[in-house]
Amino acid sequence: MCAVRYWRAAEPKTTYEVVIVGGGGHGLATAYSLAKRHGITDVCVVEKGWLAGGNMARNTTIIRSNYLWEESAAIYEHSLKLWEGLEEELGVDVEFSPRGVLNLAHDLGEVRSSMRRVHANRLNGVDAEWLTPEDVAAFCPLINISPSLRYPVLGATLQRRGGTARHDKVAWAYATRASELGVDIVEHAEVTGFLRGPGGRVEGVSTSRGEIRGAKVALAAAGHTSELAAMVGLRLPLQSHPLQALVSALYEPILDCVVMSNKVHVYVSQADKGELVMGAGIDAYNGYAQRGSFHVIEEQLAAAVELFAIFAHAKLLRTWGGIVDVCPDASPIVGWSGIDGLFLNCGWGTGGFKATPAAGWAYAETIATGEPSELVRPFSLERFTTGALIDEHGAAAVAH
Amino acid sequence: MLLIRCPWCGPRDEIEFRYGGQAHIAYPADPDALSDADWADFLFMRDNPRGPFRERWYHVHGCRRWFNAVRDTSTHRFVATYRIDEEPV
Amino acid sequence: MTARRLPDGGSWIDRSRPLTFRFDGEEYEGFEGDTLASALLANDVTGGFRSPILGRPRGIMTAGPEEPNAFVEVSQPWFDPIVAATMVELVDGLVAEPRAGVGRLPSTRVPSRRAEHRHISVETLVVGGGLSGRTAASAAASRGDRVVLVDERHRMNDAPDDVIGLPRTTALGIYDDGYVIALESTPELERLWHVRADHVVLATGATERPIAFAGNDRPGVMLSTAAAVYRRHFGVKVDEAPALITTNDVGLVARAMVMDGGPEEGPVINFQIDPISDELPTDGSLLVSGGFNPNLTLWRAIGGTVEYHRRFACFVPGKGPPWLKVAGMANGEHIPDCAPVWYVDGERTTAFVDLQRDQTVADIADALDAGLTSVEHVKRATYIGTAIDQGRTSGVLTAAIVNQMLGTGPDAQGPTSARPPAVPVPYTTIAGPDRGDLLDPIRRTRIHPWHEEHSAVFEDVGQWKRPRYFPRTGEDMDAAVARECLAVRSAAGVLDASTLGKIEVIGPDAAAFLDRMYTNRMSTLAVGSIRYGFMLGLDGMVADDGVAMRLADDRFFVTTTTGNAAMVLDRFEEWLQTEWPELHVYCTSVTEQWADVAIAGPKARDVLGALGTDLDLSPGAFPFMTFRDGAVAGIAARVARVSFTGELSYEILVDGRRALELWEALLRAGNAIGITPYGTEAMHALRAEKGFVIVGQDTDGTVTPDDLGMGWIVRKDDSDFIGRRSLRRADTSRSDRKQLVGLLSDHLLPEGAQLVEEDTGRTPMATIGHVTSSYRSPSLDRPIALAMVARGRQRHGQTILAPLPGSTIAADVVSPVFYDPEGARHDG
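Residue numbers (the working numbering), protein chains in the order written: chain Z, 1 to 400; chain P, 1001 to 1089; chain L, 2001 to 2828.
Keep in mind the hints are simulated off the structure, nothing from the lab.
All figures in this text were calculated on a predicted structure; none of them were measured in a lab.
Cβ atoms here follow ideal geometry from the backbone N, Cα and C, with glycine treated the same way.
It is possible that some hints are incorrect.
As the list claims (entries may be wrong) - In silico DMTMM-like links for lysine to aspartate or glutamate, alpha-carbon gap of 20 Å or less:
{"hint": "1", "chain 1": "Z", "residue 1": "K169", "chain 2": "L", "residue 2": "E2073"}
{"hint": "2", "chain 1": "Z", "residue 1": "K36", "chain 2": "Z", "residue 2": "E89"}
{"hint": "3", "chain 1": "L", "residue 1": "K2716", "chain 2": "P", "residue 2": "D1030"}
{"hint": "4", "chain 1": "Z", "residue 1": "K263", "chain 2": "L", "residue 2": "D2434"}
{"hint": "5", "chain 1": "L", "residue 1": "K2465", "chain 2": "L", "residue 2": "D2437"}
{"hint": "6", "chain 1": "Z", "residue 1": "K169", "chain 2": "Z", "residue 2": "E88"}
{"hint": "7", "chain 1": "Z", "residue 1": "K273", "chain 2": "L", "residue 2": "E2073"}
{"hint": "8", "chain 1": "L", "residue 1": "K2465", "chain 2": "Z", "residue 2": "D107"}
{"hint": "9", "chain 1": "Z", "residue 1": "K48", "chain 2": "Z", "residue 2": "D135"}
{"hint": "10", "chain 1": "Z", "residue 1": "K263", "chain 2": "L", "residue 2": "E2073"}
{"hint": "11", "chain 1": "L", "residue 1": "K2716", "chain 2": "P", "residue 2": "D1032"}
{"hint": "12", "chain 1": "Z", "residue 1": "K169", "chain 2": "L", "residue 2": "D2369"}
{"hint": "13", "chain 1": "L", "residue 1": "K2319", "chain 2": "L", "residue 2": "D2198"}
{"hint": "14", "chain 1": "L", "residue 1": "K2319", "chain 2": "L", "residue 2": "D2411"}
{"hint": "15", "chain 1": "Z", "residue 1": "K169", "chain 2": "Z", "residue 2": "D107"}
{"hint": "16", "chain 1": "Z", "residue 1": "K263", "chain 2": "L", "residue 2": "D2437"}
{"hint": "17", "chain 1": "Z", "residue 1": "K263", "chain 2": "L", "residue 2": "D2440"}
{"hint": "18", "chain 1": "Z", "residue 1": "K169", "chain 2": "Z", "residue 2": "E89"}
{"hint": "19", "chain 1": "L", "residue 1": "K2319", "chain 2": "P", "residue 2": "D1072"}
{"hint": "20", "chain 1": "L", "residue 1": "K2325", "chain 2": "L", "residue 2": "D2198"}
Said to hold, decoys possible - A few chain L residues that face chain Z, going by a derived Cβ cut-off under 8 Å, partial list only:
{"hint": "21", "residue": "P2106"}
{"hint": "22", "residue": "P2420"}
{"hint": "23", "residue": "T2702"}
{"hint": "24", "residue": "E2751"}
Said to hold, decoys possible - Each pair of labels, with its calculated beta carbon distance range:
{"hint": "25", "chain 1": "Z", "residue 1": "T132", "chain 2": "L", "residue 2": "G2436", "range": "19 to 27 Å"}
{"hint": "26", "chain 1": "P", "residue 1": "A1026", "chain 2": "L", "residue 2": "D2781", "range": "55 to 63 Å"}
{"hint": "27", "chain 1": "P", "residue 1": "A1029", "chain 2": "L", "residue 2": "L2667", "range": "50 to 58 Å"}
{"hint": "28", "chain 1": "L", "residue 1": "S2815", "chain 2": "Z", "residue 2": "P147", "range": "15 to 23 Å"}
{"hint": "29", "chain 1": "L", "residue 1": "R2435", "chain 2": "Z", "residue 2": "G91", "range": "42 to 50 Å"}
{"hint": "30", "chain 1": "P", "residue 1": "A1037", "chain 2": "Z", "residue 2": "T132", "range": "20 to 28 Å"}
{"hint": "31", "chain 1": "P", "residue 1": "C1009", "chain 2": "L", "residue 2": "G2025", "range": "55 to 63 Å"}
{"hint": "32", "chain 1": "L", "residue 1": "G2761", "chain 2": "P", "residue 2": "A1026", "range": "23 to 31 Å"}
If we strip away everything but chain Z, and leave its shape as in the complex, we get (with noise of 0.2 Å):
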């Protein structure tokens, strides 16, 4: 045990050639990715509050990549081949687990776009299958594929390669790495404001730690960004809301899958430890108490006992929330702001975890390069002008 070092704390120096503001798993992976893909090592990542402590530590881990549009299976299969090299990467178990996940459909139109979903997904190279009632029965037997339910299962689209990980393993392994490699984390450092140069142009942040300048800032702060961006004048297409997850008691294992259900709001898998770990939906109003309704929860646990009919007798144990930014087209905003100096990554909404190491990696590279990451030149904000939205609800609506 005492063979593991962590990231250093550092004392902020006056100056960097980068500034990522927030200290998440966007944040980490983008600083280490700077320093090891592009020898930027001049970085500082500052986080407000405890390193990794915002929607990583609140998340549900599912990692996927099989989404509709070819713009985002394109980061997110780029983010799923990223976390099978994760380990050797870091060099740290971070307990990555492709145990499949699936996304059931419980009624025609939703049978309809997951078929979709699965032939767009071959011919994108995400490995996807379509399960009969029975097939889903056979994958995963807990699930009651009952005609009589309700919302009876249809069937259901496996993506054998996604799975979960565990989430502080993996921010703490980028710190770790991106620190070994000379990048400074400052925890506790609240950015109060920004300095600004020549033409308005970001040299910097203004924080409860004293003023830290940088050649570029970076923001990564998820549901805080509209924050940081009136900072400087800028208006986002995103709102911040609360999004519920609880975890069950402990029990011995009888989960090896991850199975969503975007009709009924049930995103569950079974942690190592042996708590079901579950996603609720997202409250519908502005909040950024880091707290939702109960009632999300108990339209959660209705449907989710009614598709596993084992989980009756389950405890929930805890309940928390995060604070998701969300944009129009539930798909994220990753580049120039179109201010000088400062660049944007944000709106990743419930997909957020499980992008990590490929925002990081497309991120760092906008940031070092300042041109966009062909992973995520469509992404940019200026989709809400031209219309060229990616809209991830329209036609296959699967959050997290």
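Dock chains P and L against the given chain Z, drawing on the hints supplied.
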């Protein structure tokens, strides 16, 4: 379960309502006169403050009237609700 | 160490009611009012439990929800996979066995308690039935409040007058605006209370915390107040002369109570006097008091802050929401002065901090050595505080040890947050009554009973049940659908179209309003006529379609798709109320009032005539896209000549209460010509033969009218409508957008299949579109499909490919109108 004071019906549970996002975003008088960027601004760009926020709610399972509210997004606490035809508080 | 039940005493037990129970295969006796834990102690069962990871022997350590050791599975008379023995109310016939940290979910049916939900609204809710809670409840009641007082214990001292007392009820979580979820758990049922209160008082008391020292997890170690509770309320003496290690005077008082004030025997280590301890007793009964933590889980969950109190060595409430107060020990009142001793240095690897996670002082030290400095990180590295008790005994201790080891002040970091629910709750209890068909309301048409009697197979469309097809004996879906389609094309079919959304739009500005909502102009529609219309989102994408009938100058009847009925009405209201309050328009949903039966097919007019109607059905008098009010089969009806099949078709709208009568009359009248009920599947195939789109199937929120080849439906004048401005954005006006086409292929194309120009056999493969609808056309006796394909309208005549696993289907791009392209059939 927020408690929302409908200006017509009084305080009711959140599940009777639908959220309507930021308030006082007026439909442009002449959309044709707007540039694509200005139109995108109307369509998509929204305030998203941590703190007091003017927003719209719809009492969909009640009087079916839209109204406005000021709510602190950092505490979820309502500061005020007011009718569509009332001046912002 | 010998625990025993004293011959008398025990304020919570009823010695006149003995109970028998089984634990770990042995039969024991207890009394009504016992918990399983008190009954076990009464029988001198002080151990028998194991720690979850290290398998170390453990005993009962507490008397409440903070218990970290004594977990059991209850199998009779109800099932509970894992619960603290201190929280199990003893009943006759109870069967339990120890469980070490991890429960087992049953795959077979097990006995359950009834689950129900209750809602109550009061002025004041008090959580905690101790002295301060009862005082607060009395005070609120005396000023006229309706008051609910909940207490987690199964015996609560009598609730004050005019107070609704709920014993056995644990407040699980506090939410915004005084909303509290509480669990009432009795041997018969589990009831989830939803309490809305103007004021909430937390009188949740304080929990004694242990001290970390080598071997502090062995059986026989018990919190001092727990031993006092067992003595006082259950008449159980855990030992004649237990040893004590304490940081405060309450520990001394508790020990004296256990010993009935008897002579001081056994070692007592009091850190207030002697900060350097003597040897700690390594066996026998040992009472521990490390100080008291106000129970502030609920307080913190709603955003309440805490402050460190040096004299009490604990965290007390700071600021919280205005409607929430804290009283009594939870508020830092009556907390004894306490020596700030958190752990006794020595062998750290057996000095347990979180017994339920088997985590020790050494584990914390390791995490700090590795460079972690935040309590939150220590929690995540060790999992301290994440077990069933959620850190009730370990939370403050861990933070204090971290602070001490880092050399920061005792207030530098506080404990991590416990999260709701305060105690674990079964999923079924939370689900409550929303089970089975009650998960979501089911909507059925007035004709539904007939459909059921005639073996309809239903599909879910929104909340509606719609007949998908009506198989006859021996028919599969394909055969049934083919028969239904051919009947419509050759004779007549009837469809229950009652689920369509229907809205009356009334008022002097109704026409002007609809002009703004639809892409085509509704204000020029003549009274008695019908127009098909598209509704776009502000983003210019097709959102819904339907028809508008003009009933009068100031009165329209519009239809929506089944799934979007509520959305469309809400949208109307939103625009009318928030943007155009100057428009005098009223919108009323009439979906449920009007039933709608479509009769379609070349014989439709004959059937209607045979049925008897006062309407002149001749094409000249009753042309396509008009409607007439009259009587059909003696029923007042509004008959509309619209067609979603391409055939001569009438939609007959009648009072819902007479729908079944109409339906049966139609079937009788059409019996001679072979009239056939058809379902949604045949309806979809028939409309696909005609190239009519289904919003939500052929569109996906990214499709404009022009993409569908329906640019004609978008008016070209200067007047505005919703979505108009978006249509000329760069991406929306691209010339290479995907467009609706028809596809002809030898094999049936799967819906959703992706389309390419060239099958490279490699991924990623560049796609040009996808199949949106696909059927084996009964009328044409061949596969047909609709697809969205980039530059599709320029590709008519080209062959494109659908690469599938194991095969590739070639398809010719054609017009989407496969059947009767001249449109000759809708007049019959």
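Status of each hint after checking the structure:
In summary, the hint linking Z/K169 to L/E2073 is not supported, as the alpha carbons are separated by about 33 Å, beyond the 20 Å threshold. Annotation: proposed proximity of Z/K36 to Z/E89 holds, straight-line Cα distance about 10 Å (limit 20 Å). For a cut-off of 20 Å, the pair hint linking L/K2716 to P/D1030 stands: about 16 Å separates their Cα positions. With a CA separation close to 16 Å, the supplied pair Z/K263 and L/D2434 stays within the 20 Å bound.
Pair hint L/K2465 plus L/D2437 holds up; C-alpha atoms about 12 Å apart against a cutoff of 20 Å. Distance check on the hinted pair: Z/K169 and Z/E88 sit about 14 Å apart at the alpha-carbon level, within 20 Å; holds. The suggested pairing of Z/K273 with L/E2073 holds, with an alpha-carbon distance near 18 Å, which does not exceed 20 Å. Under the criterion of a C-alpha separation no larger than 20 Å, the hint pairing L/K2465 with Z/D107 is consistent with the structure, at around 11 Å.
For the given pair, Z/K48 sits about 47 Å from Z/D135 by alpha-carbon distance, which is inconsistent with the 20 Å threshold. The straight-line distance between the Cα atoms of Z/K263 and L/E2073 is roughly 34 Å, outside the 20 Å bound, and the hint therefore fails. Taking the CA atoms of L/K2716 and P/D1032, the gap is near 13 Å; set against the 20 Å cutoff, the hint holds. A C-alpha spacing of about 17 Å is found between Z/K169 and L/D2369, which places the hinted pair at or below 20 Å, so the restraint holds.
With a C-alpha separation of about 18 Å, the suggested pairing of L/K2319 with L/D2198 holds against the 20 Å cut-off. Between L/K2319 and L/D2411 the CA atoms are separated by roughly 16 Å; this keeps the pair inside 20 Å, and the hint holds. Among the hinted pairs, Z/K169 with Z/D107 is inconsistent with the structure: their alpha-carbon atoms are about 38 Å apart, more than 20 Å. For the suggested pair Z/K263 and L/D2437, the alpha carbons sit about 15 Å apart, so the restraint of at most 20 Å is met.
Taking the CA atoms of Z/K263 and L/D2440, the gap is about 11 Å. The hint holds against a cut of 20 Å. Using a Cα cut-off of 20 Å, the hinted pair Z/K169 and Z/E89 holds, with the two alpha carbons roughly 14 Å apart. For the suggested pair L/K2319 and P/D1072, the alpha carbons sit about 17 Å apart, so the restraint of at most 20 Å is met. Between the alpha carbons of L/K2325 and L/D2198 the distance comes to roughly 11 Å, so the proposed pair stays at or under 20 Å and holds.
Contact between L/P2106 and chain Z, as hinted, is supported at the beta carbon level, the nearest pair being about 7 Å apart and thus within 8 Å. Taking 8 Å as the C-beta contact cut-off toward chain Z, the hint placing L/P2420 at the interface holds, the least distance being around 6 Å. Checking L/T2702 against chain Z by beta carbon gives a least distance of about 5 Å; that is within 8 Å, so the hint holds. The closest approach between the C-beta of L/E2751 and any C-beta of chain Z is roughly 5 Å, which is under the 8 Å cut-off, so the hint is satisfied.
Between Z/T132 and L/G2436 the Cβ separation comes to about 24 Å, which falls inside the hinted range of 19 to 27 Å. A hinted range of 55 to 63 Å holds for the C-beta pair P/A1026 and L/D2781, which are about 56 Å apart. At about 55 Å, the beta-carbon gap between P/A1029 and L/L2667 stays in the expected band of 50 to 58 Å. Our hint of 15 to 23 Å for L/S2815 and Z/P147 is violated, since their Cβ atoms are close to 39 Å apart.
Checked against the hint of 42 to 50 Å, the C-beta distance between L/R2435 and Z/G91 comes to roughly 48 Å, which is consistent with it. P/A1037 and Z/T132 have their C-beta atoms about 48 Å apart, which leaves the hinted 20 to 28 Å range violated. For P/C1009 and L/G2025, the Cβ-Cβ distance of about 60 Å falls inside the hinted range of 55 to 63 Å, so the restraint holds. Between L/G2761 and P/A1026 the CB atoms are about 54 Å apart, so this pair departs from the stated range of 23 to 31 Å.
When the structure is compared with the earlier hints, violations turn up for hints 1, 9, 10, 15, 28, 30, 32 and for no others.
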